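Asker: Just so you know, the protein sequences line up as chains A and B, in that order. Residue numbers for the first sequence follow the working numbering, beginning at 1 and rising by one. Residue numbers for the second sequence follow the working numbering, beginning at 461 and rising by one.
Do not rely on the hints blindly, as some may be mistaken.
Said to hold, decoys possible - According to the in silico footprint, chain B covers these stretches of chain A (three or more CB under 8 Å from chain B):
1) 25–37
2) 86–98
Said to hold, decoys possible - Chain B is nowhere near these chain A residues, computed Cβ spacing over 12 Å in every case:
3) 42
4) 355
5) 429
Hints were generated in silico from the structure; no laboratory data involved. Remember, it's a predicted structure, so these values are computed and weren't measured experimentally. In this text, a Cβ means the ideal position worked out from N, Cα and C, and glycines have one as well.
The chain contents come next:
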Amino acid sequence: MTSLQKRLRLGLASSVILLMGLLWWMVSGAIEKFGEEFVQARLVHDADSLLAGLQADNNNGLQLTAGRMGTIYQTPFSGHYFSVITQEKEIYSRSLWDETLKTPLLKKGDTRQWREKGPSGQVLLVWSGGFQKLGHLITVAVAKDLTPLSKSLVRFNWYFAGLSLLVLMVLLLIQHYIVRRSFRPLEKVRQEVKNLQQGALLTLTEEVPDEVRPLVQEVNHLLRLLSERLQRSRNAMGNLAHSLKAPLSLLTQLSQQGAQSSAQQDDRPATPDFFEELNKHTHHIRQLMDRELKRARLMGQGSPGARFSPQEEMPILVDVLQRMFEVRQNGVDKKLDIQWLSTEVVFMFDRDDMLELIGNLLDNACKWADHQVRCEINGDEQHLQFIVEDDGPGCPDEEIARLTTRGVRLDESALGHGLGLSIVKDIVETYDGSLIMECSAGLGGLKVTVRLGVRSSVWN
Amino acid sequence: MKNWRVALIVLFSLLMAVFARADVNHDKARQLKDMGEILPLEQILQVARREHPGRVIEVELEKEDGRYVYEVEILDKRGEVWELYFDAASAELIKRKREN
Numbered sequence: 001m002t003s004l005q006k007r008l009r010l011g012l013a014s015s016v017i018l019l020m021g022l023l024w025w026m027v028s029g030a031i032e033k034f035g036e037e038f039v040q041a042r043l044v045h046d047a048d049s050l051l052a053g054l055q056a057d058n059n060n061g062l063q064l065t066a067g068r069m070g071t072i073y074q075t076p077f078s079g080h081y082f083s084v085i086t087q088e089k090e091i092y093s094r095s096l097w098d099e100t101l102k103t104p105l106l107k108k109g110d111t112r113q114w115r116e117k118g119p120s121g122q123v124l125l126v127w128s129g130g131f132q133k134l135g136h137l138i139t140v141a142v143a144k145d146l147t148p149l150s151k152s153l154v155r156f157n158w159y160f161a162g163l164s165l166l167v168l169m170v171l172l173l174i175q176h177y178i179v180r181r182s183f184r185p186l187e188k189v190r191q192e193v194k195n196l197q198q199g200a201l202l203t204l205t206e207e208v209p210d211e212v213r214p215l216v217q218e219v220n221h222l223l224r225l226l227s228e229r230l231q232r233s234r235n236a237m238g239n240l241a242h243s244l245k246a247p248l249s250l251l252t253q254l255s256q257q258g259a260q261s262s263a264q265q266d267d268r269p270a271t272p273d274f275f276e277e278l279n280k281h282t283h284h285i286r287q288l289m290d291r292e293l294k295r296a297r298l299m300g301q302g303s304p305g306a307r308f309s310p311q312e313e314m315p316i317l318v319d320v321l322q323r324m325f326e327v328r329q330n331g332v333d334k335k336l337d338i339q340w341l342s343t344e345v346v347f348m349f350d351r352d353d354m355l356e357l358i359g360n361l362l363d364n365a366c367k368w369a370d371h372q373v374r375c376e377i378n379g380d381e382q383h384l385q386f387i388v389e390d391d392g393p394g395c396p397d398e399e400i401a402r403l404t405t406r407g408v409r410l411d412e413s414a415l416g417h418g419l420g421l422s423i424v425k426d427i428v429e430t431y432d433g434s435l436i437m438e439c440s441a442g443l444g445g446l447k448v449t450v451r452l453g454v455r456s457s458v459w460n
Numbered sequence: 461m462k463n464w465r466v467a468l469i470v471l472f473s474l475l476m477a478v479f480a481r482a483d484v485n486h487d488k489a490r491q492l493k494d495m496g497e498i499l500p501l502e503q504i505l506q507v508a509r510r511e512h513p514g515r516v517i518e519v520e521l522e523k524e525d526g527r528y529v530y531e532v533e534i535l536d537k538r539g540e541v542w543e544l545y546f547d548a549a550s551a552e553l554i555k556r557k558r559e560n
């Protein structure tokens, strides 16, 4: 079930039905109880009247004073009955006619109440008590038909069911209206996303209901991330074009010189200097190309996302690096041992950025290492730390100081820790993180520590 | 003397005729039902309600010419009171009349 509206409707309907059911159970129970108590009070009252009406007759027995009880006890099967049982005889209301109340004899002081079937399908509530008067033990039973009461109870039940249905309908209608109103901001967001696509907007407005705001904030976060990444690849493209420009213009110069010399009918063959120069520049171009290709390879496949799981990503990355350096060290017997250690936390950092960062750190370390590279990843969801060490020649302190100075661009000539570390520095700066380079105590080479924190602007 | 005797006989006959239409009370009605001489009132009323739907407002049992007759007064929906006479032993409708 994907419709929120449907889910809300079901929830409301079931809770209203439950509530109304409970209410009905309580109210109808109370009405029935009140009705019965009212009837019972009347029965006791009539029993008292009967008892008061019993007088001694001439034969030392008992008789009921005529006209003591109302006419309702006269009409046969009227629904009101009494029966007075003494040791000698039974005096009963004319309304009982040829029927009887099933009355057990009670001891004096005892009272009892029960229901029994009366004539004409009546259900009788019978109240009975045991008394002593004028030396006689008497059992008095008074009964009243409950059918009118249950009839009105049935009528009440129907009214209540109708009312419940009406309440349910009205509530559903109101809910429908509220839900439609509440989802209107989403339509606004949708419109904004459309505008975003057309370039009319850069971020979505965050003036939306609390329930939708996190979503909008995430979208904005994603947008910022994407635009930063776009900016970075534009920079990378610019850098590449820039670095290609110098060797290419030199090559153009060389080819012009060659054309000139052949135009001057100079039969002198090209000097070895010329070829050496040509070779140097093409080699440089190839190096630049290789670097870019390698970057692309480090990124691997996989979808971009705002989560980075070292446990998933590291084995693949290490595998790629190991193969890359085996190919490069073709012929030379250099065995590279890449050890890595990581927590099982899934970090809330952009996967592509993190792969590029750790990829370049490891690439750099592999390049300079003799045999061993050690990598450690730790932190929690809000913080992330990479430590990469190698057993290579390391880096002089003054170079380190220069490399880590903020805003200083690193290039190819900077001691060979070239473009790789430059990219690392770019990423660390976009995350407002820190980059520390020092001498590795354990392995003797360079030790690079990168610390990143989730940008606070996204979370408030 | 003879006239006296005739007069007494006439008087007695008249009295008999009067007593022939005597009301029977509910104690006697129960006895008669228990002895099986008449049907239970319940049964009579079932027939009465079928014959003339309405509310039963009065019932009387009478002994008329040696047989027991139930007289049932019924108030119908139109507000008219009807008197229905049934043979108490067979629940057979004897006559029906509107009470004036």
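Asker: What hint numbers does the structure not satisfy?
Answerer: 1
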